[in-house]
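Colleague: Okay, here's what each chain looks like letter by letter:
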Amino acid sequence: MRIKVDESLCSGQGRCYSVSPELFTSDDEGFCAQRGVAFDVPDGMEDDAQLGIDSCPEGAISVAVESEVDVR
Amino acid sequence: MTTTDNRDIPVLTHDIGTSGPVGCHFDEWDQVREQTPAFWNDVGDGHWVVTRFEAIRHALQDPSIFSNESTIIGQPEPEYKMIPTFLDPPEHTKFRQLYNARFAPAVINRITPEARDACNRSIDAIIDRGSCDFIHEFADIFPTHVFLSTMGLDLDDAPQFVIWVRDVFAGLAGGDPEPMAAAMDAVRNYFEVLVADRRVNPQDPAVDTVTYLTNAEIDGAPIEQDDLLWMLMVLVLAGLDTTKSQLGFMWHHLATHPEHRRQLVEDPSLMPSAIEEYLRYYAFVPPARKLKQDVEYEGCPMKKGQMVLMPLWAATRDPRQFERADEVVLDRSPNRHIAFGAGPHRCAGAHLARRELLIALEEWHARIPDYELDSDEAPIEHGWQLGLDSLPLRWEV
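Chains A and B are the protein sequences, given in the same order.
Residues in the first sequence are numbered from 1 upward in steps of one, following our numbering.
Residues in the second sequence are numbered from 1001 upward in steps of one, following our numbering.
Hints in this document: simulated from the structure, not taken from any laboratory.
Note that CB positions come from ideal geometry on N, CA and C, so glycine has one too.
Among the hints, a few may not be true.
Which stretches of chain A does chain B cover? Using the computed rule of at least three CB atoms under 8 Å from a CB of chain B, they are [what the hints assert, rightly or not]: (1) 5-13; (2) 28-39; (3) 50-59.
A partial selection of chain B residues facing chain A, derived with a Cβ cut-off under 8 Å [what the hints assert, rightly or not]: (4) Q1061; (5) S1064; (6) F1103; (7) H1136; (8) A1221; (9) P1334; (10) N1335; (11) G1343; (12) R1346; (13) A1350.
Pair ranges (Cβ atoms, derived) [stated by the list, open to error]: (14) A:G44 with B:G1044: 54 to 60 Å; (15) A:V65 with B:E1054: 20 to 26 Å; (16) A:V65 with B:T1018: 36 to 42 Å; (17) B:T1093 with A:G44: 48 to 54 Å; (18) A:V69 with B:P1177: 53 to 59 Å; (19) B:G1017 with A:F39: 46 to 52 Å; (20) B:N1201 with A:S62: 48 to 54 Å; (21) B:A1181 with A:S62: 43 to 49 Å; (22) B:V1329 with A:M45: 23 to 29 Å.
All chains should be built: construct the whole structure from the sequences, respecting the hints.
Modeller: Structure below.
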């Protein structure tokens, strides 16, 4: 599973790193530290990823395709 | 109707400034949302209203059409400039970054012990009495103390802030405009004196927000005095009445739903998700935006310069987005509510507010696990930024 965090949509609501702290973290300003990139979800953490996707009030997190790297 | 369109545009009259028994606005808007996705609201000079989750979120995320040039329904051309509230990106982003770093989760962790002490002091003052007006004796006091310590201000100023904020929001809710204007002036003067002092006697900017802002630069230059004072004013306006409202709705719900209260007392690990659910269920903020261009939105021909109201309580109880939207589900997951707004103006204090609510739930229920309404009449819910006027509670001593 590969996911991406849209940099322009992430507003720092902080739900992703609250519900799935092993997959998402906060930067110094409270934005998702993974915003702006697509990355592979480690095996076994697909549920955490899905919870992050479903919990984002901005709809900033989504499933990415293999070739996506940069989502700025 | 000010549009030149000949179509049948829904025109309704829903004044969000009225008061009624607790829950009245939420019930009303649960119906409005199902009646129409948008309408022209024939109140005052009139404005558009959008009622459903997706469209409200999308509008809040798109400042190129839905601008923050004004966020006050009755004032599309305000003569003052609330900073950063009345700014759109990219200008907004520069000011907003200064706040973000100030209210990030790591910073909130640092002030948590102090906030916990403040909470317990507020409980100390009432616990032996066996009753209180929760709004005026807890919800007014605790967030004010947290605000002052977060800002690095003198806790002795708390009683004065409580009165200023009460007067300002009474005015905004349609009350007497004179005490409101006086309170705004007083807050401004308070910060004017502090800013002048900190320019000469700078404090540790990590603790003292006024020093931090007087040191800060935008585009390589210090922040102009008027902007600086508005930045401080916005923190007062955004940080105090909001937490008070949320606490009031939560405690009313818990006082009248002992089964929920018992669940939280027996399993405090439920509290964080319960807080998200109360935020969703009682989203009390009605943001507004000014149209920057003509747009066809939710079936309505919106024109440049008109205002659009987006009550968050309409969005967060939308059954298109939330199952059992009209029920409080303490362990709801996921819960993608937008009680803190959405887009670039998402509440900067959201992380602090969540922490305050958690501390309040934990400390209060460790000491006062059982309580009930101390009145046979339903508390009154005021309009605009929704909240309870008072909330009498009693408990066994």
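Colleague: Each hint should be assessed against the structure and marked as holding or not.
Modeller: Going down the list of hints, with the structure as the test:
1. 5-13: Our answer is that it holds, as 4 residues pass the Cβ test (under 8 Å) against chain B, meeting three.
2. 28-39: Held - the stretch 28-39 of chain A has 4 residues with a Cβ nearer than 8 Å to chain B, which meets the minimum of three.
3. 50-59: holds (count 7)
4. Q1061: Because about 7 Å separates Q1061 (chain B) from the closest Cβ in chain A, which is inside the 8 Å limit, the hint holds.
5. S1064: At 12 Å from the nearest chain A Cβ, S1064 (chain B) fails the 8 Å test, so the hint is violated.
6. F1103: holds (7 Å)
7. H1136: violated (31 Å)
8. A1221: violated (22 Å)
9. P1334: holds (4 Å)
10. N1335: At 7 Å from the nearest chain A Cβ, N1335 (chain B) passes the 8 Å test, so the hint holds.
11. G1343: holds (6 Å)
12. R1346: holds (4 Å)
13. A1350: holds (7 Å)
14. A:G44 with B:G1044: 54 to 60 Å: holds (56 Å)
15. A:V65 with B:E1054: 20 to 26 Å: holds (24 Å)
16. A:V65 with B:T1018: 36 to 42 Å: For V65 (chain A) and T1018 (chain B) the Cβ distance comes to about 51 Å; the hint is violated.
17. B:T1093 with A:G44: 48 to 54 Å: violated (37 Å)
18. A:V69 with B:P1177: 53 to 59 Å: holds (55 Å)
19. B:G1017 with A:F39: 46 to 52 Å: At roughly 47 Å between Cβ atoms, F39 (chain A) and G1017 (chain B) fall inside 46 to 52 Å, so the hint holds.
20. B:N1201 with A:S62: 48 to 54 Å: holds (50 Å)
21. B:A1181 with A:S62: 43 to 49 Å: holds (47 Å)
22. B:V1329 with A:M45: 23 to 29 Å: Taking Cβ atoms as reference, V1329 (chain B) and M45 (chain A) lie about 25 Å apart, which means the hint holds.
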